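Given next are the chains, with one letter for each unit.
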Amino acid sequence: MEIKFETALLKLEEIVRSLESEELELEESIKLFEEGIKLSVYCQQELERADGRIQQLLENIQGVLELTEVEINE
Amino acid sequence: MKEYFTVSQLNEYISGLLENDFTLADCWLKGEVSGCKVYQQSGHMYFNLKDRDAVISSVMFKSRVQKLRFTPQDGAEVLARGTVAVFARQGKYQFYVQEMQLYGMGDLYWQLEQLKEELQAKGYFDRDHKKALPPIVRRLGVVSSQDGAALRDILKVLRHRAQNLDIVIAHTAVQGTGAPGEIAAAINRLNQLDDIDVMIVARGGGSFEDLMAFNSEIVVEAVYQSKIPVISGVGHEVDTTLIDFAADIRAATPTQAAQMAVPDNAALLETVLKHRQRLIQIVQRDLLVRAESLDRVMMQRIWQQPESILKNKKNLVDKFTAELQSSINNSYKDKSACLALTMVKLDNLSPLKLMQKGYAIIQKKERILRDIETVQIGDEITINLRQHRLLAKILKKEKFQHGDQI
Numbered sequence: 001m002e003i004k005f006e007t008a009l010l011k012l013e014e015i016v017r018s019l020e021s022e023e024l025e026l027e028e029s030i031k032l033f034e035e036g037i038k039l040s041v042y043c044q045q046e047l048e049r050a051d052g053r054i055q056q057l058l059e060n061i062q063g064v065l066e067l068t069e070v071e072i073n074e
Numbered sequence: 075m076k077e078y079f080t081v082s083q084l085n086e087y088i089s090g091l092l093e094n095d096f097t098l099a100d101c102w103l104k105g106e107v108s109g110c111k112v113y114q115q116s117g118h119m120y121f122n123l124k125d126r127d128a129v130i131s132s133v134m135f136k137s138r139v140q141k142l143r144f145t146p147q148d149g150a151e152v153l154a155r156g157t158v159a160v161f162a163r164q165g166k167y168q169f170y171v172q173e174m175q176l177y178g179m180g181d182l183y184w185q186l187e188q189l190k191e192e193l194q195a196k197g198y199f200d201r202d203h204k205k206a207l208p209p210i211v212r213r214l215g216v217v218s219s220q221d222g223a224a225l226r227d228i229l230k231v232l233r234h235r236a237q238n239l240d241i242v243i244a245h246t247a248v249q250g251t252g253a254p255g256e257i258a259a260a261i262n263r264l265n266q267l268d269d270i271d272v273m274i275v276a277r278g279g280g281s282f283e284d285l286m287a288f289n290s291e292i293v294v295e296a297v298y299q300s301k302i303p304v305i306s307g308v309g310h311e312v313d314t315t316l317i318d319f320a321a322d323i324r325a326a327t328p329t330q331a332a333q334m335a336v337p338d339n340a341a342l343l344e345t346v347l348k349h350r351q352r353l354i355q356i357v358q359r360d361l362l363v364r365a366e367s368l369d370r371v372m373m374q375r376i377w378q379q380p381e382s383i384l385k386n387k388k389n390l391v392d393k394f395t396a397e398l399q400s401s402i403n404n405s406y407k408d409k410s411a412c413l414a415l416t417m418v419k420l421d422n423l424s425p426l427k428l429m430q431k432g433y434a435i436i437q438k439k440e441r442i443l444r445d446i447e448t449v450q451i452g453d454e455i456t457i458n459l460r461q462h463r464l465l466a467k468i469l470k471k472e473k474f475q476h477g478d479q480i
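Going line by line, the protein sequences match chains G and B. For the record, in the first sequence the residue sitting at position 11 is 11 according to my numbering, with numbers rising by one throughout. For the record, in the second sequence the residue sitting at position 365 is 439 according to my numbering, with numbers rising by one throughout.
Calculated from the structure, these hints are not laboratory results. Keep in mind that this is a model prediction, so the values were computed, not measured. Glycine included, every Cβ here is placed at the ideal spot set by N, Cα and C. Honestly, I wouldn't trust all of these hints.
[Claimed, not checked] Computed far set for chain G versus chain B, every beta-carbon distance over 10 angstroms: (1) 37; (2) 55; (3) 72.
[Claimed, not checked] Label pairs and their in silico Cβ distance ranges: (4) B:164 / G:70: 33 to 43 angstroms; (5) G:22 / B:370: 17 to 27 angstroms; (6) G:3 / B:250: 41 to 51 angstroms; (7) B:141 / G:41: 20 to 30 angstroms; (8) B:362 / G:18: 52 to 62 angstroms.
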């Protein structure tokens, strides 16, 4: 699914609204339901995608950027 | 009786004199701070300004105190700008301070003002140029000292708000002569990574000089040119540095910068899950409603006793079949009577029938002769009777007279 998180979230909200307020044919509402579930899964994945690393960005003597894991004591 | 003032009138009179003096209305005063006190309730600051031989009561109102770039302490030499006016209730005149700076910093402040105007003219502070923060942040850059309190404050907030956020620290000195170049380089370094969603440039509180690096043109320029949105969080609430004007978002402190950088991912996730829950609820309810209507329909008699409806239908079919049969029969009878009649008519018209009556068909060379013009005297013709044929020759053509006709 090649859409942005915010677009997906808006679409999801729209689907919930349609299902709440409109009289839809069974087929149509099942279709919307499936799409809504897919969008919610996508949004969740997007939110949980990063993995919480802390890295340090340094430039070495050759002028090349290096990322290294660091521990910072809070 | 002699003319006299009331005390109020006299104070009012003096007050009027002071108010009309242009020098006293706006002047710079050099002095040493003493007895400085901020009233908690009002937030106003009261202190004396003195030199070796004299003293004047001074007041700074809350709105002005908030703009101070340093915390006045007793003994500090300051340069204060303000107005002299009468405080009638206590019968004394006071210095009402609008702005105040540490004495000796004057030149620095002035230079800073100049630089600010220059950078503004270059468009570095333009509102149109500011970038929006992304809706979700997965990878966040921090430009700060790796040993500073600012970084620890930032990490504390981020840990709480977004556990799985990636953080990339671009370490830099944040004070001293090398600091401006290092800060700018760190900002540029982060910009060479292509997956940083937003960056914080931060430093904890310090003196005016401590924060000077964040007033340098090279840092402001790096912030302006950053492709990654920049949040500035330098010093305490009261501190303002030029980087704050160029940043896409200005936070009052490093902690606030962290709060502003990361949309509350947990809250967003909660929203998403709530929507999903709602979807399931709605569709379940919808299906239930439909199932109930189906049940109602199924409860009707015909479904309970299907044979009754079949029986009715069978009766109908039988009835229609019988009607159809009889209608076909009737129609057939009519049609055959009609046919017989037509055949009689047709028979009567048959040339054979006519020939029976004595008519003949005359042909000349296979063609039936219809009028006199097609034959000449002497032509051979064939006369067809019912069972025979006669060959004949035309001897004469004669027209019937009236009354001769057969």
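Outcome of the hint check:
1. Remark: the non-interface label on residue 37 of chain G conflicts with the geometry, its nearest Cβ contact in chain B lying 6 angstroms away (cut-off 10 angstroms).
2. Against chain B, the non-interface label of residue 55 of chain G is violated: not every CB pair exceeds 10 angstroms, the least being about 5 angstroms.
3. Some Cβ of chain B comes within 10 angstroms of the Cβ of residue 72 of chain G; the nearest lies about 6 angstroms off, and the non-interface call is violated.
4. Between residue 164 of chain B and residue 70 of chain G the beta carbons are some 60 angstroms apart, a value that contradicts the proposed interval 33 to 43 angstroms.
5. Between residue 22 of chain G and residue 370 of chain B the C-beta distance comes to about 23 angstroms, which sits within the given range of 17 to 27 angstroms.
6. Here the CB-CB span from residue 3 of chain G to residue 250 of chain B is close to 47 angstroms, well matched to the stated 41 to 51 angstroms.
7. At roughly 50 angstroms, the beta carbons of residue 141 of chain B and residue 41 of chain G sit outside the given window of 20 to 30 angstroms.
8. Checking the proposed 52 to 62 angstroms range against residue 362 of chain B and residue 18 of chain G shows it is violated: the Cβ atoms sit about 19 angstroms from each other.
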